[in-house]
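Novice: Sequence:
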Amino acid sequence: YDANCIKDYNGEFTATVASEIIVENGRTKFYVSDISCDGKILKYKAFVYIYGELEPDFNAGDVVKLSGKLASNPHKKFDSYYVSNRAKKIGYFANADSVVKLSEGKPAFPLNIQMTIKKLLYVNNDSYTAGICQALLLGDKGAIDDGAYENIAASGLAHVLAVSGLHITALAAALYFILRKIKVNSKISFVIVTVLTFLYSMLCSFTASSLRAVIMTAVLMFASAFGLKKDSLSSLSLAAILIMLFRPTAVMEVGFLLSFVSVLGIFMFYKPFERAGMKVVRKISPKREIGKKLATVCALSFSTNIATLPLVGYFFGRIPTLFVISNFFVLPYVMFM
Numbered sequence: 018y019d020a021n022c023i024k025d026y027n028g029e030f031t032a033t034v035a036s037e038i039i040v041e042n043g044r045t046k047f048y049v050s051d052i053s054c055d056g057k058i059l060k061y062k063a064f065v066y067i068y069g070e071l072e073p074d075f076n077a078g079d080v081v082k083l084s085g086k087l088a089s090n091p092h093k094k095f096d097s098y099y100v101s102n103r104a105k106k107i108g109y110f111a112n113a114d115s116v117v118k119l120s121e122g123k124p125a126f127p128l129n130i131q132m133t134i135k136k137l138l139y140v141n142n143d144s145y146t147a148g149i150c151q152a153l154l155l156g157d158k159g160a161i162d163d164g165a166y167e168n169i170a171a172s173g174l175a176h177v178l179a180v181s182g183l184h185i186t187a188l189a190a191a192l193y194f195i196l197r198k199i200k201v202n203s204k205i206s207f208v209i210v211t212v213l214t215f216l217y218s219m220l221c222s223f224t225a226s227s228l229r230a231v232i233m234t235a236v237l238m239f240a241s242a243f244g245l246k247k248d249s250l251s252s253l254s255l256a257a258i259l260i261m262l263f264r265p266t267a268v269m270e271v272g273f274l275l276s277f278v279s280v281l282g283i284f285m286f287y288k289p290f291e292r293a294g295m296k297v298v299r300k301i302s303p304k305r306e307i308g309k310k311l312a313t314v315c316a317l318s319f320s321t322n323i324a325t326l327p328l329v330g331y332f333f334g335r336i337p338t339l340f341v342i343s344n345f346f347v348l349p350y351v352m353f354m
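When the sequence shown is numbered by this note's numbering, its final residue is 354 and no position is left out of the sequence of numbers.
Don't take every hint at face value.
Heads up, simulated DSSO-like pairs for lysine-lysine below, C-alpha to C-alpha not over 30 Å straight-line [claimed, not checked]:
1. Lys135 with Lys93
2. Lys105 with Lys135
3. Lys86 with Lys46
4. Lys204 with Lys158
5. Lys57 with Lys135
6. Lys135 with Lys24
7. Lys106 with Lys24
8. Lys46 with Lys158
Pairwise CB distance ranges, derived in the manner of DEER restraints [what the hints assert, rightly or not]:
9. Lys247 with Lys82: 25 to 31 Å
10. Ile336 with Asn129: 17 to 23 Å
11. Leu339 with Phe194: 28 to 34 Å
12. Lys93 with Tyr166: 42 to 48 Å
13. Asp55 with Tyr166: 24 to 30 Å
14. Phe194 with Ile301: 42 to 48 Å
Calculated from the structure, these hints are not laboratory results. Ideal placement from N, C-alpha and C gives every residue a C-beta, glycine not left out.
Work out the full structure, taking the sequences as your base and the hints as a guide.
Specialist: Set out below in structure tokens:
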């Protein structure tokens, strides 16, 4: 990383706008790629911010000339913010004094699709609803009001806004159901579902949680299609190995740790919690279906939250206590959405 980064640089440099331009709170911000500095094309992208609410005459895909300070993102041990930037190939921060458009261009794939989805959401909803939908669909929480996100996190529902197994499983199950209904061969169904869930993970910027879910889903569907024994723990291990082979810094990413530890918690604690819950339900009312569903949801919530409590406490400085109630009411609707 150090070999591919420059030291602090002051002056002019050119780049391609690689995100939508956000103007809020007295600041304009966006990402750039293909940075040319002193005749050298830099390997990493930069996060650019300009103080002052401008009216940009440039869009994603345009080539621009920036004037200001370009600084490398410093590496600190166990810095989850640094490794999350590394996962997005962001190596610099730029405090720009001015931006001048040099030529027009078009946003690259999959940014063009992401921007189209966001535009549809904002055209057809108010900004609050669009921000929540954007997070649910793409895992992009940047448009959610800080106060709203604090409430969501405190209620134990922050995982809903991170594209993970919940989203990938819902998508894969829906696709597989449709393919089976139209009598598509199980092996062909496996290929179609794997490709489409992989493309969805790409739309979500290949977050660790979405990649983990895609790999596990693909492994389990492969086993089903070819009549092999399913082994969930092996599929979880394979997902971790593949992600860390291509992105070693993932081992320090908050999303990676929470995603894998939560699934491991399900493997370890779900069955005992479910059995205990079912015993209580049978004693109270053996025929009550709602009680059985409540026991299942509670077992799932307890399993994931108990496993991730140390990480949540360490990284976020809080322990959510409402997760059983909130997950019971919200998760069924999220799956439907």
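Novice: Please go over all the hints and tell whether each is borne out by the structure.
Specialist: Verification of the supplied hints:
A threshold of 30 Å between alpha carbons decides the hint, and for Lys135 with Lys93 the separation of about 34 Å lies outside it, so the pair is violated. Between the alpha carbons of Lys105 and Lys135 the distance comes to roughly 19 Å, so the proposed pair stays at or under 30 Å and holds. Restraint check: the Cα-Cα separation between Lys86 and Lys46 comes to about 14 Å, which is no more than 30 Å; the hinted pair holds. With a C-alpha separation of about 36 Å, the suggested pairing of Lys204 with Lys158 is violated against the 30 Å cut-off.
Of the supplied pair hints, the one linking Lys57 and Lys135 is violated, its CA atoms being roughly 34 Å apart against a limit of 30 Å. At most 30 Å may separate the alpha-carbon atoms for a hinted pair to count; Lys135 and Lys24 exceed this at roughly 35 Å. Distance hint between Lys106 and Lys24 is fulfilled; the C-alpha atoms sit about 17 Å from each other, no more than 30 Å. Between Lys46 and Lys158 the CA atoms are separated by roughly 15 Å; this keeps the pair inside 30 Å, and the hint holds.
Roughly 55 Å separates the CB atoms of Lys247 and Lys82, a value that falls outside the hinted 25 to 31 Å. At roughly 41 Å, the beta-carbon separation of Ile336 and Asn129 lies outside the given 17 to 23 Å, and the hint is violated. Here the CB-CB span from Leu339 to Phe194 is close to 32 Å, well matched to the stated 28 to 34 Å. Checked against the hint of 42 to 48 Å, the C-beta distance between Lys93 and Tyr166 comes to roughly 25 Å, which is inconsistent with it.
A hinted range of 24 to 30 Å is violated for the C-beta pair Asp55 and Tyr166, which are about 40 Å apart. Separation of Phe194 from Ile301 is about 34 Å and departs from the stated range, judged on CB atoms against 42 to 48 Å.
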